[in-house]
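What follows is the residue order along each chain.
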Amino acid sequence: MGEKFARQWWWKVLSILCVAYAITGGFLIEVPQRFILNESIRNLYFHVPMWFTMIVLLATSAVNAIQFLASNNIKYDIISIEAANTGTLFGIMGISTGMLWGKFTWGAWWVNDPKLNGVAIALLIYMAYFVLRSALDDQDKKAKISSVYNIFSFAILIPLIYVLPRLTDSLHPGSGGNPAFNQYDLDNTMRLVFYPACIGWILLGVWIFSLKTRISLLKQKKIFSE
Amino acid sequence: MLNQITSLLYKDFVLERRLKHTINGLVIYTLSTSFIIYFAYNQPEPTTWIANFWIILLFVSINAIAKGFSQEKINRLAYYYTIASPIAVLISKVIYNTLLLLLLSIVFLIIYSLTSGYPIFNNALFMTIVLLGSISFAITLTCLSLIAAKTSNSNTLMAVLSFPVIIPIILLLIKLSKASLLDISILDVSPDIGIVASIDTVTLAVSYILFPYLWTD
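If you read the sequences in order, they're chains A and B. Residues in the first sequence are numbered from 1 upward in steps of one, following this note's numbering. Residues in the second sequence are numbered from 1 upward in steps of one, following this note's numbering.
It is possible that some hints are incorrect.
[Claimed, not checked] No farther apart than 25 angstroms at their CA atoms in a straight line, the calculated lysine to any residue pairs in the SDA-like style are these:
1. A/K212 with A/T97
2. A/K142 with B/A159
3. A/K75 with B/A159
4. A/K141 with B/F69
5. A/K142 with B/D188
6. A/K75 with B/V206
[What the hints assert, rightly or not] Simulated DEER-style distance windows between Cβ atoms:
7. A/D140 with B/Y10: 32 to 42 angstroms
8. A/K141 with B/N24: 47 to 57 angstroms
9. B/N123 with A/D140: 50 to 60 angstroms
10. B/H21 with A/K75: 25 to 35 angstroms
11. B/T201 with A/K141: 22 to 32 angstroms
To be clear, the hints were calculated from the coordinates, so they are not data collected in a lab. Cβ coordinates follow ideal geometry from the N, Cα and C atoms, glycine included.
Starting from the given sequences, assemble the full structure and let the hints guide the process.
Here you go:
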């Protein structure tokens, strides 16, 4: 099912249209004026979709790791590592857009906040995953052990990103008494840009990931045929 | 199953008693770090005291648990594989590591209190947290130590793999320990204890599912 979907073109066109619309609309369309946030609220169109894309890709990575352990087919391991690679890339983009926003809104590149620390730890976990992979030589052993670590760390990532920040107060929009990106603040003109932006960036992430996977699978084929 | 767990536990205790240098090494590790903190701070502020306590305990735990699988030869692991189920190995290791960490944290707490003072007000709460910490570290690190033992460079990798995973737990433990500086009852911090316990449960469940895959390799 995945391969067939990867070769279809309609969702790639949709992704380009959505991202192009989100970038132009994100900068040009009127936004509600909120205290403190002001025009920086536009970062919502860029910062938040990065996290959605990251989570989609990391979940794909974990699911494929499970499938690898269940089937022992090396293809799933390649899909898993490429999803983790692309997911980490989007995580780094999410953190940089967030830092840029934080510099203008909070006055600092980094603040001690559960959400920020959570994603920093999440990225550290995936960097450890890449180190683990490079430390193992034998391909089957590498695939098996790194799949186990992938699933193990994904299980810890969920409470880290979704549960812990919701239990503590934070400066981040969406918690405590701060201007929040929730149903009261996010008005309909913003939704008009925000939802296409999410769809566009997620599809773009999936596209990058599917291209990387195809390249890796071809390289793998070459190794076996030589 | 129970039979296998008890005999594996017995084996671990016998091994520990015969290879005295490992546990002695860890005790001396705690002794020297306590003195380093004493030289650096004399009597640290209560919050610094707590942060140091957990950071050192984290390093001690990683060192203590990392040797759990890597000290056993590959052939011997293959032998266990023929006589015991992987779940029995996992459970016996978790129990053994919990007891080992509990012992080490009590030894460390005594030495640390003698050199750097003891600012804790609510002893019962703090002891509960230390117990909870030992259990959490043991559960999280046991599975990771087997992953690290499978690589050629296991000591470095043990630290690299376990730090990011253990940070959420250690942050909660530090937060809980700060509560024990004040006259706060266990009931007031029970939500946080609940979070640590649920993270432990999830980790244990994931280890339970994944351990057989690591084991048969």
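Okay, which hints does this one fail, numbers in order?
-> Per hint list: 3, 5, 8, 10 violated.
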